Amino acid sequence: MTRPARSFALRVNGVEHRVEGEPDTPLLFFLRNDLALNSPKFGCGLGECGACTVLLDGATARACAYPVRLAEGRDIVTLEGLGTTEAPHPIQQAFIDAQAAQCGYCINGMIMTAKAFLDVKPQPSEIEVREALRYNLCRCGTHVEIVQAVMLAAARGRRREGS
Amino acid sequence: MTQGGRPLTRRDLLTQGGLIIVVSPRKHAPADALPEEGLDIHLCLTADERVIAFCGHVDLGTGVRTALAQIVAEELDFPFAAVEMVLGDTEQTPDQGPTIASETIQVTAIPLRIAATQIRRELVALAAAALDCPDEEIDILGGVVSRRDKAGLPLCLKTLLGNQRLLLPLAEKADFKPVERHGIVGRPIERVDIPAKITGQLTYVHDVRVPNMLHGRVVRPPYAGLDSGDFVGHCLLTVERDSIAHIPGIRAVVVEGDFVGVVAEREEQAARAAEALVTHWKDFPAPADLRDVENALRKHPATARRLVDEGDVDAALAKLETRLDRTYVWPYHMHGSIGPSCAVADVRQDGITVWTGSQNPYPLRADLALLTGVPAERIAVIRHEAAGCYGRNCADDVAADAVLLSRAVGAPVRVQLTREQEHLWEPKGAGQLMDIAGGLGPGGSLAAYDFHTRYPSNAAPTLALLLTGRIPNQPATLKMGDRTALPPYAYENMRVTAYDMAPIVRASWLRGVSALPNVFAHESYIDELAHEAGVDPVAFRLRHMTDERAAELTRATAKRAGWQPHVGPRMDSDGDILRGRGFAQARYVHGNWPGVGAAWAAWVADVAVNRTTGEVTVSRVTVGQDTGMMINPAGVQHQIHGNVVQSTSRVLREEVTFSDTTAVAAREWGAYPVLTFPQLPAIDVMLMERQHEPPLGAGESASVPSAAAIANAVFDATGVRFRELPLTPERVLAGLNGRPVLPKPPQAKRKRGLGFWSKLGGAAAAAVTLAAVSFPLAPKIAPIARPDPSTWSAATIERGRQLAALGACAVCHTGKDGVLYAGGLALETPFGTVMTTNITPDAGTGIGNWSYAAFERAMRAGIHREGSQLYPVFPYTHFAKTTEADMQALYAFLMSQPAVSRQNEPSQLTFPFNLRPLMALWNLLYNRDTEAKPEPARSADWNRGRYLVDGLGHCSACHSPRNALGAVKAGPAYLTGGVAEGWEAPALTAASRAPIPWGEADFYAYLRTGHSARHGTASGPMAPVVEEFKQLPDADIRAMSVYLASLTTPLPEAEAAARSDAILKATASAANPGLSPAARLYGGACAACHETGRVVPLANQGPALGLSAKVHAETPTNLVNMLMQGGGHGSGQMPAFRNALDDRQIADLAAYVRGRFAPGQPAWNGVARIVENARAAIR
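Line by line, the protein sequences give chains W and C.
Residues 53 to 215 in our numbering are what the first sequence spells out, letter by letter.
Residues 67 to 1245 in our numbering are what the second sequence spells out, letter by letter.
Take these hints with a grain of salt, some might be off.
Here are some chain C residues pointing at chain W (derived, C-beta under 7 Å) [what the hints assert, rightly or not]:
#	residue
1	Thr265
2	Leu303
3	Glu334
4	His707
5	Thr1158
6	Gly1159
7	Val1161
8	Ala1165
9	Asn1166
Pair ranges (Cβ atoms, derived) [unchecked claim]:
#	chain 1	residue 1	chain 2	residue 2	range
10	W	Arg211	C	Lys625	46 to 52 Å
11	W	Arg63	C	Ala1120	53 to 59 Å
12	C	Gly228	W	Val67	47 to 53 Å
13	W	Arg70	C	Arg231	49 to 55 Å
14	C	Thr225	W	Glu68	50 to 56 Å
15	W	Gly125	C	Val1045	45 to 51 Å
16	W	Gly66	C	Gly228	38 to 44 Å
17	W	Arg70	C	Pro101	50 to 56 Å
18	W	Glu68	C	Asp358	55 to 61 Å
19	W	Gly125	C	Ala435	50 to 56 Å
20	C	Ala1229	W	Pro174	55 to 61 Å
21	C	Ala1033	W	Gly125	41 to 47 Å
22	W	Arg211	C	Ser1112	56 to 62 Å
Don't read these hints as lab results, they were simulated from the structure.
In this text, all values refer to a predicted model and were calculated from it rather than measured experimentally.
By construction, the Cβ of each residue, glycine as well, lies at the ideal position given by its N, Cα and C atoms.
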């Protein structure tokens, strides 16, 4: 049974939006097509690669396989909500400094996963960083720089904590 | 590129003043064309100090945009930040061919570099004239033009250029700035594209939106991955356009030859429609069995092309002291772009605009002209960045798809391919077969080398051209198997032969095209010869190397890695782990034979091999590269990292799998697993200092030695040579155990017998058409006028709403269009298909003219208002237990709903069940239920729970077995498990097979949220039931849980928790490495959501499979259904994998999941048949 379309209230990057659609439609379609948020990318539609990752109440969510009906009333944050080119989030700054992108298609997922990870594990080992990113795929082979970026962000976070 | 908010285009620059521009005639432009039509710009300097450079190549995510800007800034002596690069756009940039072979810096940058010297010289001349001094006295530094002696102020470009437009024809050559004076080239510079990528501000082609844009999806033919043969473009039989009539927003179904596409207003509508559209295709012949690549390539027709013939190879072979004949097999690989290809096209009366991620803007434009008949000059191809492609993905295909769909609807259309389509149809990196005959002469000399290489590929023509029949469907042959076919050692007698052959599956170039396989053979073979000669492999190579730069790189890389000379495999062991180290080197030679040399690269690979499991880990790679002059050393290092990771992935894990029809079988990342973070090797890059040499392509070279270096390291670790890839655990284990080949996958049957039920159905088929006959058995109850809803209080209607939810009326009485209570859902039963009816208060087609008496009789006795018998799939036997007050409330609620006029469709039942009068007899036998009496010894909750479960909740309708006549079994069989719509409804009693018995809290969580952490999630027909239960008060859910828990024997909480922890620990991934294809399928397709114990919280977290009732069930039915259909539940939603996995993959996955997560349970039997039935059911 397809459930009839209805209106959904979505709170994305602190702003309230209303979108129309069927309840089981993946959140990704609304973020990209209705709200023009480009950072979450369509990679597989199966929750396998992580390119579409957003934060939902601070947890990672694979938006390509997450129904809009379950996103209502929750805090949704996309990469755009972390920071801007002019004022990047410290994790974004670490990715820029480590030059952690080639084609960049997967990078949204890497940063969003790193954000959720560092929130619960602010001082990880390199092995823990690799484990945290295990289910985010990168095909260009930017893994070295991505791990460096997450370690750099953690180290800077430590310094900020200490100061 | 904007000026005052307005884009500054090639045409603008060629028509305005205040500029110096280096131009050349635009290809294909008429001789008398106006400048803005007839000229290409290479470089432009404006009076307001902007430097705008145009290059026909594109940046594939390699950072070439940054490197090109460095080159321009260096020669021009302007700041790096002043340079704006315009890349790959048919309206703006010159036609410099496709972006391939890592030649952008080596070849395509040269016109830019020349142009920069020309503009600089012109600027100097202008300044000298203005200051009335010789040219030599003018200096340009960081974009500032002044007298060398700094006398006077710097000159303003506005003053120098005024409003002049100075057009300089591009020179053929120029004197470049000496390397000693380089200040920008050779310096590591941060890439200009990265900040926007990190903040989500870059507009990838996937992000292009234009006004009035619609969304398209394509439906590809069943011959997935085949692009040549008589059948290509001629297989489509019919398209059932009505099959998507129920989907809103559809604007067009476009069919041309074998091209099929849909256009809709919203993307999800297009996606749903493409999936739902029913298409029928002819069978097609399987051209070869690619499950055995070696045999397929040996048998495939080929033309031998002798590339080298030096000395007398045959004579030398006859006199060898040690003869070694070897065969090396390279599998098919995928490019595996992380983003499936996407494009937007706008086909208008006056021309076409295409936004694309193509790496070949001009060749694509020619293809689109051929496809549409629109002249090329009226087609604009605008290139945006896309997911990395490393050779060739579906970017061109999807652009052509978008053009066909846009033309059909007269509006811009964005087409996004699915992951499955990208996997299936991307032109694969071809498999390759290398045979070497040769060996050692006297004193370990390299006496003979007879090298044969077979490579099946073409240029993978744009798919829409083939599908629509615009171009012939016959295969072309590309002479591309000869890259780096010449070995880098001085063999005394040498023959090199390439076998050119047409593609078997769609294939084209992938990073290190044909060179990576050829070098796998060359560099594995020289290692074998070194071993035979009793010489250290590096020393042996150096002895026979003729190229001094290769030798220097070899020595430097070996030194950097701390290479210890040795002879023979060392087999260093540490328990189960064997460690080894291997070397390989090559200069990547590409382009038409004899080709052009790009950078040299050398590897020292360190591996660890687990001798018990066969797992190979590449722990460290030391890689040296001689790139000649490096423009951006940071960029070169980045590119080398990428090459090392990607090629290690290819060597260890990657192999395209094929079905028995040669169609590609891998459609997602589980079936085509790539390297992930935990497997990342440590990488040490050593860059040779060669700034005085010309720059060489750096994009691919570092991947070329990978396979041989790793295989040689595995030999050092184990003493076993592997000459076929990938080095999967099962291949390595087979090799260590002395088994030469892997068992071939079993031959799948092409045609299969019908299932049991369909045979039974066939036997009674003749009677089916009688199904609509109905005889009145009970008196008719007179129709009434629809009661006025205001008759009932709001409280009564609300209570009725909750009861309707409890009975999940909407679940069955709502069709696939989602109109609540209007009926039309087909319920498959063993006795035929029952169509549910309209129960909205419409007088004509629903129950609007039913009195309460008629409604109550139907609910309790299963008799229609007209007096005919209803089928017991309508669970009136349960509803009979409902109290009078609840029945009234339910009536009130239904009568208060919107009336929907929709005719009921007839049911299609098999004989004798199609004879409704017989159902009355059935009623006499089985309908004895009435309102149940409360049990005073039990709690009020328990009694309430039993009333809800047995009455309107009608749980036993699914969760109890039925007898041969379809009646629910009672007594000891009560709630011990039944079936529903092809799913198993598991036992709710002590007969449950759940590893942790259900307790009250588990039932409560499950019925309230759709999820019990210790059992799994509601899925299949249960999911909508739980969704309906959301309307019930907590107290009712609690009551049902109390009652249901009284039927089981729950464990004490501490014991349940301990058992749960023990199961999770035993089934965790650390204890279950990916040792088989099925394990890797799970790892890529399932683990991201189902693996437990993660640190990063995940909203999509799926149930722990070790606790899942589906995995512990007696049959795999529910697990297979879940894989096929996916499904929603309270806390999440699993995607359907029916399009991503084939039957064999689903069966393998189910068996793997059972073995790993329910190790105490017996393996399932007949999985393949259950998978077949499950797929048939969704069709």
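Hints and how they fare:
no.: 1; hint: Thr265; in the structure: holds, 5 Å
no.: 2; hint: Leu303; in the structure: violated, 28 Å
no.: 3; hint: Glu334; in the structure: holds, 5 Å
no.: 4; hint: His707; in the structure: holds, 5 Å
no.: 5; hint: Thr1158; in the structure: violated, 13 Å
no.: 6; hint: Gly1159; in the structure: violated, 10 Å
no.: 7; hint: Val1161; in the structure: holds, 6 Å
no.: 8; hint: Ala1165; in the structure: holds, 4 Å
no.: 9; hint: Asn1166; in the structure: holds, 5 Å
no.: 10; hint: W:Arg211 / C:Lys625: 46 to 52 Å; in the structure: violated, 37 Å
no.: 11; hint: W:Arg63 / C:Ala1120: 53 to 59 Å; in the structure: violated, 40 Å
no.: 12; hint: C:Gly228 / W:Val67: 47 to 53 Å; in the structure: holds, 50 Å
no.: 13; hint: W:Arg70 / C:Arg231: 49 to 55 Å; in the structure: holds, 53 Å
no.: 14; hint: C:Thr225 / W:Glu68: 50 to 56 Å; in the structure: holds, 55 Å
no.: 15; hint: W:Gly125 / C:Val1045: 45 to 51 Å; in the structure: violated, 37 Å
no.: 16; hint: W:Gly66 / C:Gly228: 38 to 44 Å; in the structure: violated, 51 Å
no.: 17; hint: W:Arg70 / C:Pro101: 50 to 56 Å; in the structure: holds, 52 Å
no.: 18; hint: W:Glu68 / C:Asp358: 55 to 61 Å; in the structure: holds, 59 Å
no.: 19; hint: W:Gly125 / C:Ala435: 50 to 56 Å; in the structure: holds, 52 Å
no.: 20; hint: C:Ala1229 / W:Pro174: 55 to 61 Å; in the structure: violated, 45 Å
no.: 21; hint: C:Ala1033 / W:Gly125: 41 to 47 Å; in the structure: holds, 45 Å
no.: 22; hint: W:Arg211 / C:Ser1112: 56 to 62 Å; in the structure: holds, 59 Å
Of the hints listed earlier, those the structure fails to meet are numbers 2, 5, 6, 10, 11, 15, 16 and 20, in rising order.
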